[in-house]
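Chain order of the listed sequences is A and B. Counted the way the working numbering counts, the first sequence spans residues -19 to 393. Counted the way the working numbering counts, the second sequence spans residues -19 to 393.
Certain hints may be false.
Any copy will do: because identical chains look the same in the list, a pair fits if it lies in one copy or spans two.
[As the list claims (entries may be wrong)] Result set (DSSO-like, lysine-lysine): computed pairs, CA atoms no more than 30 Å apart in a straight line:
#1 Lys(-8) x Lys207
#2 Lys(-16) x Lys31
#3 Lys44 x Lys(-16)
#4 Lys(-16) x Lys50
#5 Lys16 x Lys(-8)
#6 Lys44 x Lys16
#7 Lys45 x Lys(-16)
#8 Lys207 x Lys(-16)
#9 Lys(-8) x Lys31
#10 Lys45 x Lys31
I should point out that these hints are in silico values taken from the structure, not numbers from a laboratory. Every value quoted in this text rests on a predicted model; they were computed, and no experiment measured them.
Each chain, letter by letter, is given below.
Protein chains: 2
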Amino acid sequence: MPPKGTNLEQTKAHNLRLVLSEILSGDEISRADIAKRTGLTRQTISNLVEKLLEANFVTEGNYKKGGAGKPSRILQISSTAAFSIGIRIEINKIAISLVDLSGNLIHSEHINATYSTDEDVIRLIEPLCLDVLRETNTDIRRVLGIGIIMAENDDRNHRHAVGDIVTDPKNIAELLYQELDIPTFLETAAAAAALAEFLQGSARSFRNFIYLFIGPDLSAGLMVDGKIYGGRSARAGSIGHLVVNINGPICSCGNPGCLNGYISLESLTNYLQKQDKIPRVPYDVFANIPSNDPKIISWLEQQAEYFRVGINSLENLYDPETIILGGDCPDWFLEAVIRLSRPFMRSISERGERDLPRVIKSPHADQMVQKGAATLPIHAALGEENAAYKSQAQFGVSYQRLSELLGHYINEK
Amino acid sequence: MPPKGTNLEQTKAHNLRLVLSEILSGDEISRADIAKRTGLTRQTISNLVEKLLEANFVTEGNYKKGGAGKPSRILQISSTAAFSIGIRIEINKIAISLVDLSGNLIHSEHINATYSTDEDVIRLIEPLCLDVLRETNTDIRRVLGIGIIMAENDDRNHRHAVGDIVTDPKNIAELLYQELDIPTFLETAAAAAALAEFLQGSARSFRNFIYLFIGPDLSAGLMVDGKIYGGRSARAGSIGHLVVNINGPICSCGNPGCLNGYISLESLTNYLQKQDKIPRVPYDVFANIPSNDPKIISWLEQQAEYFRVGINSLENLYDPETIILGGDCPDWFLEAVIRLSRPFMRSISERGERDLPRVIKSPHADQMVQKGAATLPIHAALGEENAAYKSQAQFGVSYQRLSELLGHYINEK
DNA sequence: TTATATTTGTCAAATATTTTGACAAATCAT
DNA sequence: ATGATTTGTCAAAATATTTGACAAATATAA
Chain A
-19 MPPKGTNLEQ TKAHNLRLVL SEILSGDEIS RADIAKRTGL TRQTISNLVE
31 KLLEANFVTE GNYKKGGAGK PSRILQISST AAFSIGIRIE INKIAISLVD
81 LSGNLIHSEH INATYSTDED VIRLIEPLCL DVLRETNTDI RRVLGIGIIM
131 AENDDRNHRH AVGDIVTDPK NIAELLYQEL DIPTFLETAA AAAALAEFLQ
181 GSARSFRNFI YLFIGPDLSA GLMVDGKIYG GRSARAGSIG HLVVNINGPI
231 CSCGNPGCLN GYISLESLTN YLQKQDKIPR VPYDVFANIP SNDPKIISWL
281 EQQAEYFRVG INSLENLYDP ETIILGGDCP DWFLEAVIRL SRPFMRSISE
331 RGERDLPRVI KSPHADQMVQ KGAATLPIHA ALGEENAAYK SQAQFGVSYQ
381 RLSELLGHYI NEK
Chain B
-19 MPPKGTNLEQ TKAHNLRLVL SEILSGDEIS RADIAKRTGL TRQTISNLVE
31 KLLEANFVTE GNYKKGGAGK PSRILQISST AAFSIGIRIE INKIAISLVD
81 LSGNLIHSEH INATYSTDED VIRLIEPLCL DVLRETNTDI RRVLGIGIIM
131 AENDDRNHRH AVGDIVTDPK NIAELLYQEL DIPTFLETAA AAAALAEFLQ
181 GSARSFRNFI YLFIGPDLSA GLMVDGKIYG GRSARAGSIG HLVVNINGPI
231 CSCGNPGCLN GYISLESLTN YLQKQDKIPR VPYDVFANIP SNDPKIISWL
281 EQQAEYFRVG INSLENLYDP ETIILGGDCP DWFLEAVIRL SRPFMRSISE
331 RGERDLPRVI KSPHADQMVQ KGAATLPIHA ALGEENAAYK SQAQFGVSYQ
381 RLSELLGHYI NEK
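Sequences are here, hints too, so could you generate the full structure?
In structure tokens form, the structure reads like this:
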């Protein structure tokens, strides 16, 4: 799809989203500040802000004093002007969360449930969504979209397949869109977590970084020039099948020494089962395990060599500003992974000025996927229409929802 | 740098560049066609095209018949409206080329020369540039910029260091800009080749692909969403230091089993020297070697195992539409690399619909670096001002040059 | 052959958005 | 108290695109 031409209306919409983004940035900001940051005139910003005030998306706060001149009026987001839902569907559990425009978590809950078809899933999550909206007294029209996180496990057919369960995440996203008439977005856990760190977390100042996610598989969420990068088929960052030991054991994918075989929750599960003879599953592998469990620490020490190769490959191929480590695991585990992997191998990440560690722990790893899921629609609505955020799959247009909420102040025709 | 606001002038400039790009695309195109493609009205396109006609950037060609309605007038680029220079600086050789706006090679030559300081290099290339312009009778004001390809060899200090030679590519680019007052761009060979394939070569239909370049080192030019990706410090794609054999010999970088140690011209040079006891250098390793030399083929057979791991890593981490193979080596060598590397390992590149080979040979590998070098300024001039093309280093603004040539029809103020 | 429909490129006018220049108000520094 | 600086806004000006209409040229159908 080639770039499109721009006309006046698009210009105004672009500028309006820009103003909204600046106010959302959280800094204490005035009309004049926005003018300086965007390069537009104070008058233009004034006009746009007036529309945002009329639409109740923005309120005026206190005066900001200090420095010469007339004090400026601080502009604040009305966080309750819009909301977004995030849903994470796992094997035996479905978690839902509602966030406001600023990304604050309004409500969060999960159910333990099993399912075997797409329709089963819809029957579970549709009432869940409606319940959350009812409980929080949220107008459904103010929901910009629903972000869905659901892994494909069946490599061949893009399906979520475990035992008897064979579901299609894309189809689920589409069905939910049709049922609720709310735009839906499908993304990987790693990419969602990366987005959450980028927009509200510890990666706000970066435009090129990697969120390395330790789940049942190892995967990477790639932030490239401020956008999530998915590649040809939204599968970029499949680091779990990186060959880190050419003489290693054959992986289920057919290749030798895949990284997944060394460091992943699947690999950890296998190890613990061999040790304890207790049946375990990857998504619940840390149940009843104390912090810094010696068995796990000693296992990590064995895997570190291969993990280092993975880090090195990411660094040499992506040259990221940093790698943020997260996943479905407790903080002590993530910390141990980083600690035991030091010193890292030599790579291009050592070069040039560097005031930042090469690998850092995601500060709130346990929340990032859920937050990221809910943030997907907001990010899409505020993003460029051309350089659109491209998720794995997307149904409906959250930007249109935003326009409607702005009371047709954009594109009022 | 956050996105900037847009105003009327920027809108017009954006649309004008868009129109120019469409006409440059090479298809037989009319005003109405451009209107359909860009989503702008016929009238707007008419206005913009008129300016391009006045500035002699575009001419009207024949009428396009067929289909109902009044025949449309085909618009053609005046290729001689603007030019661009590409310079590749190697150890003992400097090559220069002049291309027109369409990317056609107008003139091409090289000198064998040695140098030891930045000033030496400038003393060599400045007259070379002026000579080329004089010989081709090209107005220097019509040169949009100079693209420079020069490898950093000294990892620590970003320098080009071989024996006594210690030069700084960025400094050279800056000095040349100051001398000639023409914008200069510095880029890696792999990235330049990727750009050439993208704009005029075999990758015109892709937005995410990798140009894998076999030079003294192995390196990758990354095209991500239609833009060259360089990462934090323009070093992304350093695949030569990918660890492909964790138990392999220690590389000069300190890590075991780097890919460079298996497949690169440096590695080939070492192998041939051991075999023949004849001194060789990587940049001239194919001298006096016949096609499909059995020694080299047998060497390639040994390296294929590791090359496959490299391909697999690129595919799993980037999920490219394809990998294009090129480098400073003859066609038969590139073909042999691909042939002997089959079958490739399992990777995510096998998934989904795929009508394209996973690895293809660059059709004119020997020209791509030089063409890409010269194309850098053109691409920058036609690109977005915001989503600007970001090269390793850039001095001056080729877009301004283009505006000047357009006779201040953009930003005439 | 004639009539009709379709498409192109352009004209003039309308529309929409940003910029420009000026001004009052409020604060800080001297 | 005075002057300098900055903010937010007003009204007018500037600029680019769109709209609606039209003649011209072609293909298609009658």
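Verification of the supplied hints:
no., hint, in the structure
1, Lys(-8) x Lys207, "both (23 Å within a copy, 26 Å between copies)"
2, Lys(-16) x Lys31, "both (26 Å within a copy, 20 Å between copies)"
3, Lys44 x Lys(-16), "between (40 Å within a copy, 24 Å between copies)"
4, Lys(-16) x Lys50, "between (42 Å within a copy, 26 Å between copies)"
5, Lys16 x Lys(-8), "both (17 Å within a copy, 22 Å between copies)"
6, Lys44 x Lys16, "within (16 Å within a copy, 49 Å between copies)"
7, Lys45 x Lys(-16), "between (43 Å within a copy, 26 Å between copies)"
8, Lys207 x Lys(-16), "both (19 Å within a copy, 16 Å between copies)"
9, Lys(-8) x Lys31, "both (11 Å within a copy, 25 Å between copies)"
10, Lys45 x Lys31, "within (25 Å within a copy, 49 Å between copies)"
In this structure, none of the earlier numbered hints is contradicted; all agree with it.
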